[in-house]
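Peer 1: Sequence:
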Amino acid sequence: MSYPIKSFTDPAKSFTDPAVALTLRGAAALAEGEAALAASHFTTAALLAPHRASIWHNLAEARRALGQPAGAAQAYRHALRLRPAYPKAWAGLASLLLKSRRPKVSARAAMRALTLDPGFAEAWSVAGSILLDRRAMERLPIVLRRAVRLAPDNPLAWLALAGGLGETAEPALPLACVRRAVALAPDRPAGYVNHAGLLIRLGRLEAAQALHGRLRRLVPLEGHAEAGDSLVATLRGDFATALALARRSLVLQPASPAALINLSLADHGSGMTEPARRGNERALALQPESDIARFNLSMVLLAEGDFAKGWPLYEARWRMERVAYPAHAPRWTGGNPAGRSLLLVAEQGQGDTLQFVRYAPMLAALGAQVHLMVQPALVRLLSGLPGIASVRSLTEPPPACDACIPLLSLPLVFGTGLATVPAFVPYLSPSGPERAAWKRRLDGSPGAEGRLKVGLVWAGSSHDDQFVAHMVDRRRSLPLSALAPLAGIPGVRFYSLQKGPPASEARPSGLDLVDWMDAVEDFAGTAALVAELDLVISVDTSVCHLAGALGRPVWMLSRHDACWRWLRNRSDSPWYPTMRLFRQDRPGDWPPVILRVRAALERWAMS
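So the mapping is simple: the numbering used here equals the position in the sequence shown, first residue as 1, plus 94.
Please note: incorrect hints may appear among the correct ones.
Dumping the calculated PhoX-like pairs for lysine-lysine here, alpha-carbon to alpha-carbon at most 25 Å [as the list claims (entries may be wrong)]:
1) K593 - K533
2) K533 - K547
3) K193 - K403
4) K547 - K593
Derived Cβ-Cβ restraints for the label pairs, each shown as a range [to be verified]:
5) A494 - N430: 12 to 22 Å
6) R330 - G161: 32 to 42 Å
7) G682 - S539: 28 to 38 Å
8) S539 - E599: 15 to 25 Å
9) R690 - P573: 10 to 20 Å
10) S701 - A494: 53 to 63 Å
To be clear, the hints were calculated from the coordinates, so they are not data collected in a lab. The C-beta atom is built at its ideal place from N, Cα and C for all residues, glycine as well.
The task is simple: from the sequences and hints, build the whole structure.
Peer 2: Printed below as a string of structure tokens:
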């Protein structure tokens, strides 16, 4: 009767070949997570039997686990010189090359592995990673499903498929995948970590925290639960709790990029930019391929005004998010635009479009034929930009162009620094007849004569379909009742510029608020009204960008964890010369902000 190897106390004693004995010891050490010990055993085995490709492959795996990509690549290639038809070594080399940012040679190595063994599940998983790197999101699930079919009992394959299905899939599908991974390996934390992360993205924070509790019982000293709970606290805006949990997580995982990233997020939300910068830099040093750390570092640097370093890192958003870079035409990364047709594509929110569309006339002035694709509500307003060849909705077919670029990548192309922000305003203008119509209506309104006309926006879009954006909106918005201290200021009349469900909130007693927004259909209409107001007071949403782009006075109410574009510790904005910022001193604390606004408004009304 034969016995499985694992039944022996020391399997190496069963073999007289010392190279085999060392290889088995190395494999056991690698399985236990002792990569340094494994590398030592494999190195000695390679000296004793340098002709065995499998030993060199194992040495490469150990070096890769140690974070030694150059040494690992050398060992993989030596294994392949000894045995060119070695699918495992080709797949390992492909994975290593991909992490080293060499996608083309990585793809060739993966294809070599699949040519040698079309049924090799690991090679299909690496192919999936390559597709993810190339943002080939449509083909990615097909490849990952193939890997799962070939290795249905591999929990890592199920976790990869859950990630590959992305946020566009029906949530039940990735959830089923992570649950299958947990069922296959109930004693391993990876499944629970991924399951909880997916629940957080879906907004099911309580369910995620329940899984963090299971993680705390399963691996109490690994810090996974603390890291997850820290992220939940950050999303809720409870940065003090987030900091405490993230610090505990880092004590338990001092070399964990994820723990460093979570701590940096909490630091950044608390306004501590220097620790946030150091934490993200250390995370990148530990994991150079981390696009999350790269993107988060860009947020910190941009908020500090370090645009030279921030803009290049900000491009990581295309690799971090599950959205493809606009593929309407080849990428434009700069150079002389004269004589070229360029398509500028909106991304993110309408406020982002309003802020960065200022670059479109600049390109036209340099001799480019500029086309815009923007959100439908902005088409009519932006059609008035000087020198623009066409403006289309994102829902329409794109025009034929030489190249395209997203709007928020233009500061990088232009090399915009803090001192060179193109802040000429106004760069937008409303329709003359529409503006004249609003002027007549405002002038003819009973009781309006001689009073300051002030527009109010108290809430942004709720983003109910995007949980992270929804949580940010909860921190930037406030109920109309919070503006009650503005009631009764002599010489001031308020006009609602609010759209959406918050527009129907009950008016605080004594707040003289006129609401004509039912007559406004798009941003062109809002612009015509704003142009005739003396002041706009708005939370951080698209209307404050609109007012700034029109060159109108605008006071922005900023949450404590302000967006990077408003920088740190400033009451003005280099992007909008007519803007004044009123910032929270503590997270969620709006009353002192509103009282400061009232005092400033009283002084203006009396002047």
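Peer 1: Next, verify each hint and record whether it holds.
Peer 2: For each hint, the structure was consulted:
1. K593 - K533: The hint holds at about 21 Å.
2. K533 - K547: At roughly 11 Å apart (the allowed maximum being 25 Å), K547 and K533 satisfy the hint.
3. K193 - K403: Given pair K193, K403 holds - Cα atoms ~22 Å apart, limit 25 Å.
4. K547 - K593: holds (18 Å)
5. A494 - N430: 12 to 22 Å: For A494 and N430 the Cβ distance comes to about 20 Å; the hint holds.
6. R330 - G161: 32 to 42 Å: Given about 34 Å between the Cβ atoms, the range holds.
7. G682 - S539: 28 to 38 Å: holds (36 Å)
8. S539 - E599: 15 to 25 Å: holds (22 Å)
9. R690 - P573: 10 to 20 Å: Given range 10 to 20 Å: holds, Cβ gap about 18 Å.
10. S701 - A494: 53 to 63 Å: holds (55 Å)
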